[in-house]
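> If you want the building blocks of each chain, they are given just below.
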Amino acid sequence: MGPEESLIAWKTQAWTNPQTVAWYAQRMNENKGTNRLKNLVEVELCRRCAAGDRVLDVGIGTGRGSIPLLSKGFHVTGVDSSQAMLDQCRREAGESPIELLRADIASLPFPDASFDTLISLNVLVHFPHWRDVLREWARVVRPDGRLIFDVHSLDHVQAVSRAHGVPTEELLAPERRTELYALRVRAEDLVHEAEALGLSVVAIVPYAAVLGGGNRNFWLDNSRASGYLWERLLSWMALDEPLFQFGRFLEQSLFAHLTTEATGRFMAVLCRTSDPAANRSWLQRNQQINEALAHGLSARVLSDVVPGDFAAWQTELNGHLNDRRNELMLSFLCTAFAPFLDSGCGEDILAQEHFAALRRYVRKWRIDGATRHFVKSWHRTPSVQEALTCAGVSLGAGLEYELTRELLDAVGAFDEGG
Amino acid sequence: MEAIVSLLWGKNTEVLRHYLARRRRIVLAPAGFAGTDAASARAVQEAGGAVQVLEHLVPEGRLDEIRADAARRAHTVAQAVESERWPEFCGVTACSVERVREVLTQRLADKLLPELVLVEALEVARRMHAIELVVVNEDVTSVGKTAALWARARKIPVVHLAHSEILGELYTVHREFHADAMVAFGPRGTEPYRDFGIEEQRLPAIGNPAWDRYDALIAQRAALRSEVFRQLGLSERAPLVLFGTTWSARLSAHDVPDLYERSTRAFLMAVRIVRAAGIELNVVVKDRPANASFGRPLLDRLAGETGIGTDAYRYATNETEALIVASDVVVSADSNLSIEAMIANIPALNLWDERSWTLGPCFSADDGIVQTTSSDLAAAIAGVITNPGFRNALLAGMSARRSRYYVGGGAALRVAEALIGYARAPEPAPSSSAPIYPWQLLSMEQGNDLHEGYIDQPRSELFALFEHQPRCVLDVGCFTGATGQAIKQRYRGAQVLGIELNHAAAQVAAERIDRVFERKIEELDFIAEGIQPGSIDTVILADVLEHIYDPWAMMLQLRPWLTEDAQIVASIPNSRNLLLIMDLVGGRWRYEPAGLLDVTHIRFFTKDEIVRFFYETGFNVAKMASAPDVRLNSVVGPAGAATDIDLGKMVLKGVSPEELVELKTLQFLVLAHPNGRTDGSRMEA
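So the protein lines, in turn, are chains A and B.
The numbering of the first sequence is this note's numbering, which starts it at 1 and goes up by one.
The numbering of the second sequence is this note's numbering, which starts it at 1001 and goes up by one.
None of the hints are false.
Below, a list of computed lysine-lysine pairs in the DSSO-like style, where the Cα atoms sit at most 30 Å apart:
| no. | chain 1 | residue 1 | chain 2 | residue 2 |
| --- | --- | --- | --- | --- |
| 1 | A | K376 | B | K1111 |
| 2 | B | K1111 | B | K1155 |
| 3 | A | K72 | A | K32 |
| 4 | B | K1155 | B | K1011 |
| 5 | A | K376 | B | K1155 |
| 6 | B | K1111 | B | K1011 |
Hints are computed from structural coordinates only; laboratory data are not their basis.
Quick caveat: nothing in here was measured; it's all calculated off a predicted structure.
Bound-form chain B, shown alone (with noise of 0.2 Å):
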């Protein structure tokens, strides 16, 4: 299966929806990136696409292999550099060898586990996956850097999506390139890279799909504004200043640690005079969020200092835009924020501060941004407030230079599409043997490639059925192991033993789970294998039984193995289903290569069907769950009550609620358990 990697953060998730719209792929990403929460991972899926977390990919026992492979190295790197005296590096900055000594190794296992974690996550998913493309959000901190030098390694595209507009030089840890390409929000945010000497054909200025909001917000102005002002409690009187915390980020020998104090002590004296001068003012500190901790007690403090009094700001952490859109001055330091009232046309104020310019001025004379100290902030303030000529210069000033920053809404739009420019081309496939139709499927030898329909993710949905902790698993049909594996992360100690019959899957399979068995299970010799009669107490069938000639069979055969309160959980596709029968009423029967009609599938069932099944092969069926076809979303009857169907040429009368839900149904999820009858005799009607 096709897939990309994806380390784009939660504010790109629109990229990646644009992206999967057009192209269906598996999404690769490390957890606590877009795609591995609920929100974006639905976005994603509903775009089409599936996402993988990457670390799941890497075996549980396998962690502790590399945790002692990250102590070995630390060990041997703490050897190596016991000879070593930098004398370039200690005479520069007057360091004592041994200090450096001790920075280089302090904790030095622990700092490389994550990135060899990451490196064997993307070595399983390559041999998994065809990976067309990896995208990042930055390509310096360890995680980013290392994803990008992996893709650089394995030959495959990477793009590197601006997670903010770079405004002065790009100093130490930014002074790099690793990626094909990097998008920046504007023709300015490539000027740092110009200075570094990149090409400008690598640097496309298509704009920050993080900005795409502003558009809406702009338009919606006055209502945002009110709903901004009631929900902080301001005064519908008094004009909105808004200021944006900084920080330092400690990467540059011209950091000042006190900036974000000073800074903000500097705003706060300035709000003190205007307001004593008897301009009313709303004040908004919008904080970075990781900043909450500390940056609420700080500002407290700083706002008793100065005098101004701690009700007299409101303290925010998030919904930077609209609160833009609602100010009418924004003020910060060196900031993205100045751009984004530019874009939102507030005036903007920088804040310039001592070591404001050591990395170079962020702005030009002619960007229409007011550079204010902090003794000329107040004047500055006022001015922007009180005198319409001097607000509309501003304003006119930022709207002539806008396009150097801003290239317009819409962005995450153009950025996939440009993406998709950058992805590996699929291989393309000898076209001897390119199917036209689905059953030439079944000619086509199959069973060592992975690149096929399944997907690579843990039917965790049916975990849900689960009456007891499994201990001992088997799972018919494994593929991957993913399932397998999840089990085993979820409830420790349970083993797992899997069947596959595809080689590739079973590979990948065997790293995850137990024990991986490469042949039908008609054939498998149990008490060879080591499996002990009464020692399997739970089964997962998922999306197997259509697939078998004689599955009644199969079950007899596991029977023995199974413990008294053994439970089986399975996944079988609905044949009730009201597209089908719909279909099926026109004269449609149409084998798929997937879906309800796939032409792999021999066995059809419905829900009575199912319990029929298991009745007769001796178990019961203990639970049942829907998993619905979203295509029917839209059908709906009466609440509580029978309703009439209309597929054209039939009518089905008098459907209830309960049967709609069955209609309604892709795949059912059934538990059962051995019902203590093993001779298969009759069910009774």
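So that you can see chain A by itself, here it is in the shape it has in the complex (with noise of 0.2 Å):
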């Protein structure tokens, strides 16, 4: 077997067991940390997406994508590789009826162009052979039908690894062990294969900006959008609920109108419809936008990428940040991007007090920056290293401590407010 097989055969055996399965299914209803948010982006995107009223569930799980359509009237057939699986869907489904299969998920049981529309949530994240996959799946979708489902964006990885300078297989290098292993795709690469297929793109969506956990978003790293103190952060939209309603806001009404290389992950939305111009011209949109935004945020590019009335999702915005843990979240996100807001990025998009809380904030955050790197560098100097050295130690670094406070109370760090 070689090493693409099994990992195959490990993401394809890995939930057989019913404990497993138990534990699983309970995290997926326990409403923790980003879970509920991440299930509303993805469940209402296939609501919204589904053409007709067949729906092949692949990798269905314990349903959690599916069930909900249950009660729109979808008739739904769901199929998993694990029996325990598929028997705890079956409990998660109650009274409504369900038909559930054991079947691969490159080799489905099924005639051709057997069902309207075929959902896969979280299932094709895992496999690397994804060519072949969408080639079974296309297969049983009907002509006009649709194929959803989701994949982590090597978009993403490869912008970030160009703005940071950092090596794309430097910041892939976690995801190269097994259980780790995230399948990332390229929107051209998907849009090509989707051609060679005979299908087209209806949309390529952007989540997972701000759902922590196993969602990477690399743009964030080595800010204070990061770590476990942003995984902290995040654990409060289980309780908080205008926090989580500015995620929401911020998953469903922001990143999903930017690009593949916004976030880490995106929801396609293929149709059993050869159209190479609708791809073609998605392809030139993306790109667009992704040059666009390359400038950072305005006004100008948002209100070109956000459908619908910009004024009023402007006040929207504004109105979650009115509350003070949203605008410190946004705040967070915005150590990211620190030289944009400089440019003025956002001026135009925000109230003006938000604004102002936001450069504060960054402000601070450089402050603390800049204090923390120059009371360990400026006793370095050759001539002052020498005067602040004893028995091989340096004493420079011992008054670091103390200067800190004594630099921030100079630069009158404390005048400003919080």
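These two chains come separately, so use the hints to put the complex back together.
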């Protein structure tokens, strides 16, 4: 068995143990951290983009993607490689009729064109042989039917790699471990593959900008919106309704309209109709938005990509920011994009007081960073270092604590309020 | 002698105790740290260790030189920074170059002094002792960081034992990691360090020794509560709300200087509202001891302003653990107090202030700690007190997360064992020369090694015998000069001369006292060395006489150089020690590497023989004190009456209380004066 085959086998058999499945089911239902937000974003996309009423859910798991569709009148068939998952799904579905059977995702036991819509949530992300799988999925969907599935974005990692000057391979090193494997696809490759299979793009929707956990947003590396600290903040979405609603706004009303470079994950919505022109124009538009975003977010760029009344959108955003915790969450995010903020980016989008608060926050964040760097570096110039070394020990290092306080006072860091 | 350098705080004395109980070591600690105050020094001694105050290793005379050195260094720095412009820092902070220069150079010599003294003390210590470990309670302020950096430079293992759990981001000064490892209180405490890129293996989460008290306190919660209520004059009918004040460290630009006042006011306002709703409350405000001077008046002012009245709360600065265990709800702002409440199973409310999340939220939503703003604090307090369902849900939530923060009692032992694991393995002695029998020590090469049984500590118990200020002191067998150094520190202007054959010790002593002679006293030419007859007014004979073949001759030889009122202070092992007698009665007379039967002892004295020894050589014993043998602490006789002591094969009959003291003595401390006769004539019967 080659490495790819063993990875596929590993991922396929990962969920055969009933106890593991019970744990998974509980995790899916639990309102913990950003669980609810992720679920809401994914399930709403499925419901909104599904065509017809015959739905196939591939890798149905406990049914979180398609059980909500049952009440909307969809007829759902679910397949999974794990009988334990299917049993759990049956329990979760209760009285609602749902057809469930065991099958491999790349070998579906259905005639061609059996379904109006195929959905598959958090499944393809586990498998390297996505092209084979996609061919099989396309086979069972009727012409003009839909395929809805998510993958991780390679565009995202490559864009961050370019912007931060860190090689892609280095960024992706953690995902090279089998248990953390994540399929990453470039939008362009996906569109080309789709075209080869006679599919066309309906939408490619970026998401998971602020979901944390396994959904790493590489733009946020080394900013205050990273690590355990950021996870702690995101955890409050479970209890803090305004924070949850703001997270929802960011996902559904902001990032969803940006590109596959913006977030680490996207939902692909494909149509079982060949339409090379549509594919070409989607790629073009994606490219245009990327170019516009390279200069930061402005009202002009945003009003182009956000559908509907932009003024209403702005009002909604500023409404969210009236809550101090939301404002702080955005401040954390802004520490990843500080240079944009300097160039006035966001000024024409945000209400004056919120823009000032963000600027103030980032300024303080920078003062902290600059002070830390300064107290460590000033005594390392040769002449000072020599005067401040005793028995091989740096006396300058010992001065840093007190100097930090004195410098912060001297630069007036405390004069401006929170 | 093997040693550890400890910058642990008093609250971690238990860790030292456990360490020393497993490994007898010298503890080198700067003044003010664990082991240097009376209580913790006793704990260290009881565990078999000994404390050496690091600063005392620096000779008095060196201090002025170090001060001059600090001034020189400060001057060089001031000149060097004249040409610097620091565009990046000045750009970001919009601060003028002149102002930055002023901050860098102001009081620089003063700031450098403690660092220089510490480094010097550590260097002296390293020459005297085999230092196996440096342990600090923080490695960011000037002293803690310097000690940690020194350890790294000398390749000595260094461990940082957290003094509190950092809950937010490691901002500015905390973004450091100098130790080989940092002991965190629980897994949660490792998160900020892992965010900072420190590997998990360097962050053992094995507990906070200062929290070891909780098990016992919780076990007697009811009694403790009554006691706390009684002491603070609280009403037994009403629940106790404990508020922990907070403060601004001013180490981040996000700090708000008025946080202390702002959060305290918010709490007092909430108290007023809850009371106005007819809910009775006992309120205790727990302040940091360092705040007491301004905290109390400030609280009284705020109490007046918020209208709750100054008699409506109690103010406390210590016994935090007892207060927490006795309370019904704990309110604090981003504080370790919430964790302690979690340990004690008391609901915790975290007061959320605009500043709170600026350095990252301290708690997660699922920690079971209620996050309240100033406007909903009153409702939260009332809810915890009046709604058992809410209270129980909170306790269940906290309980589910407790192990993230707290890994159980008994941390002092775990930490001590971990420290032993980090300590440098002692250099193995070559097996051919490792002594099996004490007498083998006699033929081993000696005299150049400091790591033998002697302890580098002043024998200050002898000072109590002084009858006049020592002016010119001869310390016979001065070892590293610790006693002489202490004399010079205590008695201004005293001159100390020492005699020491151990070369390494003599070298250390030479830096501490005025002169050291590396020769036998009988070979010392006093006149050639410029010592005038009748000039020495104090002689120290600490554990010396028993090692000399002819101590009588030495006393006669000394006599001409002494003043008429000279004070001779000596410590001499007691051969009429009850344990020694018991062993002898049982047929045992076993030479040991140390102790009463130290194999290097060649003369033996009883109390009676000591008096005779001095008298016969021209001295009178003026005072005699007893250093008790702690192994005999349990032997007690009836008050004021004679008793029999049964030694098995032999009974000592009619032992008087005074005699019992003598039998329980390990060493006699003696003061003698010249008795005016110089001929060594016979003692009258």
